[in-house]
Structures are given as structure tokens and as C-alpha cells.
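Given chain A's structure and the hints, the job is docking chain B onto it.
Protein chains in written order, with numbering that gives the first Met the number 0: chain A, 0 to 103; chain B, 0 to 469.
Bear in mind the hints are in silico, worked out from the structure with no lab data behind them. Be careful, since some hints might not be right.
As the list claims (entries may be wrong) - EDC-like, lysine to aspartate or glutamate: derived pairs with alpha carbons at most 20 Å apart: (1) 39(B) <-> 444(B); (2) 103(A) <-> 444(B); (3) 103(A) <-> 333(B).
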Amino acid sequence: MTELIETDTWVEIHTIILPAGERASQVPKDTQKVPLEMRAKGFLVEPAALGDEVEIVTPAGRRLRGILSEVNPAYTHQFGVPTPELSTIGREVRAILRQRGQLK
Amino acid sequence: MIESARYEALMSRRSEIMKQSVGIDYSQYETGVIAFDYEKLFVDTGYDVNTAREIQSNTAVGNTPLIELKNITALARVAASPGKGARVFIKDEAANPSGSFKDRRASLSVHEAKRKNFTGVVAATSGNYGAAVASQAAKAGLRCIVVQEAFDSQGTAQPEIAEKTRACEAYGAEVIRLSVGPELFYVFLHVLEETGYFNASLYTPYSVLGIETLGYELALQMQKQSHVFPDVVIATHAGGGNVTGTSRGLRKAGAVDTQVIAASVDLSGLHMASDHDFNRKSFTTGHTGFSMPFTTWPDRVDVPRNAARALRYMDRFVTVTQGEVFYITQILAELEGLQRGPAGNTSLAAAFAIAQELDEEKIIVVQETEYTGAGKHPFAQLNLAKQMGVTVRRGDPNDNKPGQRIVIPEHPSQIKVTDVELDRVRRSYLHHAIESLGEGGHLSDIDIDFLAAETRSSKTYVQEVINGLR
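So here's chain A without its partners, still in its complex pose (with noise of 0.2 Å):
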């Protein structure tokens, strides 16, 4: 049996706002193929499974229904490995006024 996620754990659920193929008319065509898709997070209202749709109370206090997708999402940004064509601007830089005698 799946296990139940708690009443009142931090989720998110996600929902179609417009399937594809409904979209705007002014939309381009990469995007006319493909959905509307919302993501929102809050607190869920009754115990539920990965994939149920289920009701949450947002942090503003608005109650949102959709499937729930995620327990207590992570924030997986982050700056990743440095980039190789910056890393030599500051010495190139700092070398064109100590040649100027800008800088010791």
C-alpha cells in the first residue's frame, strides 16, 4: 500500500491551466504544442499519496486543488561549476593596469 503523506505537509501540486493544442492564439507555434502548466505550494488539507489530487492551503490562505507532485520540495539551484571563460578576466584585467601603473 502507498504511503500516506500527513495533513498540513509543506507540497506541491501541479495542474494544467490550458491543454496543448488550446492555448492563446498568439502564442507561437512551439508553444501552442505543449500545456499551460501551473506549479503552487502550500500545506495539505487531508492525508494523500504522491499523484492523488488532493486540496492545499497556501501561505496566503487560499485553498488550491491539483495533483500532488512533490513533499516537501527542494530548491535545486545553485551556481553549478565555475565558468572557464570568466575565470581569467580578473587577472587579464588586473595585468592591463599594473602595466599602465594603475595598480601595484
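For chain B alone, kept in the frame of chain A given last:
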């Protein structure tokens, strides 16, 4: 999922929802078929630059340092002809509570929302403005909802927007994240109607009045530090608020001869509503994808009349490339000890090039910085670019091609600005104006006057261009 009937029904209630949620009846300002009383829109808010400063000081917004970038100036002089190389200063707007000048825009909107007894605020924004509204709302005890365009159909979030999501949530806001597309406006309207919250639009007079303090403040600071007004102020230009508010503030401080230059990152060729292009932009704001359409027709926004009308205020409009902005961002960190940007450094890249056109005793002010951090950083943006198949290399910035190649300069002398021909922008604006009239629309004298003011030209110019179009 919504049915198209519901979609259309909501869209048809658009102006009523707007009126309720901004508390401004825009129809009372109409003076012609196109013309409206722009100045009265500001006067009727009851705020001026001094009340705005007072309100902002209550939430620690404004009074940011004005820093001389002596090493960057020295570097610009290396590339300049003898006697050239103006002094470059930067207004460190990252010192605002949520880390950007957007706190100024948010402060008056949130103050007004509270004054009018709204219980919450809503903003449609993927940028710094969301964090600013969330921060101001937190302080004011109002609820806050931010609607973002955040990820593409593969579920890949723009790293800078992902950081904004985190920041807004850190301030206790609800964040609605959407995939790519202008139908965001539908969701936004729906939220406004359902909640009855205040529409903290970027384009209300409150938002623009909030930026006037930036121009005003920097003029006074420069006057105090160097006993002169700046010769040039450069503003990163997207939706038009930054250029409009800064310029209005400068004038109110008496700096009427200061040249105002709008600077944008060149993203020509990339479509703003394209799912494919979304994560190939490498900049989420300060780029031509916003600045071109908003300069040539400002009223394409979430309120009936945009209070940000950049074409009225810009003396010059320039673009720089993505690679030049990343390059100057690195230099700002390593030569001046300031880790800021990157998007806000668009105007710094332009300043570096423009300083070389001016005599050494002239003064240029770059009027903003923004905070940096995970996601909101050149590494994050360039790693995503590489992942999306965009080439990142050192070379001549002329080889930069948005969405395909980001070329980081090899030498500071390669940083250049490209001038956008203002005559073309004016003609494009007038073309849009005529289009908006539709069949049989007739322009009165008041409309022609208005269009002359909008395009900073003359009635004769407007008539000539319009006659040529018809």
C-alpha cells in the same frame, strides 16, 4: 483545466477587475481616442517625491550608497583616447531590503494597498519585483501572491527565477509558478478576482512614483559629493519604469540637463512567448525582448494605462551583448569588490563604453545594482546556457548571437554599445498608435499633441509620419 467559455468570460470582466484591484478608474483620464492626462494620473495619487521618500524610509528602502568605481574608470581610460574616460559611479541599490531597486516600486504600492484596506497584494512578475512586493507585504502585514512564468515544458526552471521563487517564499508569499506563455494574464486576473487583493502592478503611477526617489536621491547625492549633477545617468531598460521614474526624479531634483540613457541586453531573434527560447535567453530582464515592445507601445500591460512611458524620457537608447554584461559583472567583482547582478549590470557595461566617449571630468551614474546568489549569478546562467546547447566562448562580442552564442570579450576595449535609432522607435510607436485606432478612428488635435509628447517630437513630425503610414 479551464474551458474556453470560462476563459473568455473572465477576459471580458478584465476592465472591471482592474478597476477594483488598482483602485483607479482610468477612464476618467481619457482626453482623446488615444490621449489621456498622464500627469493627472500621478497628481491624483496624492503622493509626491517627498511623501514617497518618507514612506520608503519607514521600511528602510532607499538612501543607498553612491559609489565611485575608480578602478573601472581607470580601466575605461586605458581603452579611451587621451583625455577621455568619464568618472563612473554606481548606485548600490542592492542595499535595499530585498536586494534591488524594485523595493522602491513595491513600497508605494503596498502602502497604498494598506491605506485602501486591501488585505493582500498580487503581482505578476518573474523578477526582483516579486521579492520586493513579498518583502514589503511581510512588513505591512498583508498577504502576498506572486504569479511567475517560471519553467519550460521540460520542467526546467530559469535559475534566476527559481531563486526568486525561493526569495518570495522566504518572505511568506504564495508563489504560483507557470510554464511559458502570455496566458499568465488569465491566471493573474483569476487570482485578483478570487481574492479581491490589490494589483501591485509594475505599471501603476505608484510604482513609477516609487522610482522617482531613485533619480531624485542620486542627483542630490552627487550634488553633495561633487557639487554637480551627473552628466549622464544610465538605466537598465525593460518595461520602462526604471527609465521613466529615474528621469522624472532627476528633473524634480533640478538635474534637467542630465542625459538619460536607456540600456538593454540585445536578445533580438528570441521570442518571448516561445517555450523553446525560454531557457536560451540567459537574462530574465533588462533585455530587448521587453524594452522594444514596451518602448514602442507601453500600454501592453496589466493595467489600462501604463505609467511607465520610457520614450518620453530617454535621450538615447543603446544595447549591449550578453557576453559584455557577464564580462563587466566579473570585473565589478574583481576590481571593485562588488558582487552584483548580472542583469542590473547591463547599464554598467554600457557605461564602460560610453565613459570612453566623454571627457575625463564628466560624470556617469549607473543607477542600480541588484543582489546576486545561487541561480542569480553568471555561473548559473552560463551553465544552463551550455546545457541548452548555447556556445559560450571568449572572442569578439560582435559574434554574439542570442540563443546560439554568448561571446565573452577578450579585452575591455571590445565593450561597445550599439545605438538604437530613436527615429525608428518613434515611427514604430506611431504605427502602433494608428493600429490601435482601428477602422475609421479619427485623431483629434489633443491626440496629436499627446503623440508628440509621447514620442518627444513635434506635431508636424507626428502628422508627417502618420500621413506616411496611411
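Verification of the supplied hints:
1. 39(B) <-> 444(B): Judged against 20 Å, a Cα distance of about 19 Å means the pair holds.
2. 103(A) <-> 444(B): violated (65 Å)
3. 103(A) <-> 333(B): Holds: residue 103(A) and residue 333(B) sit about 15 Å apart, inside 20 Å.
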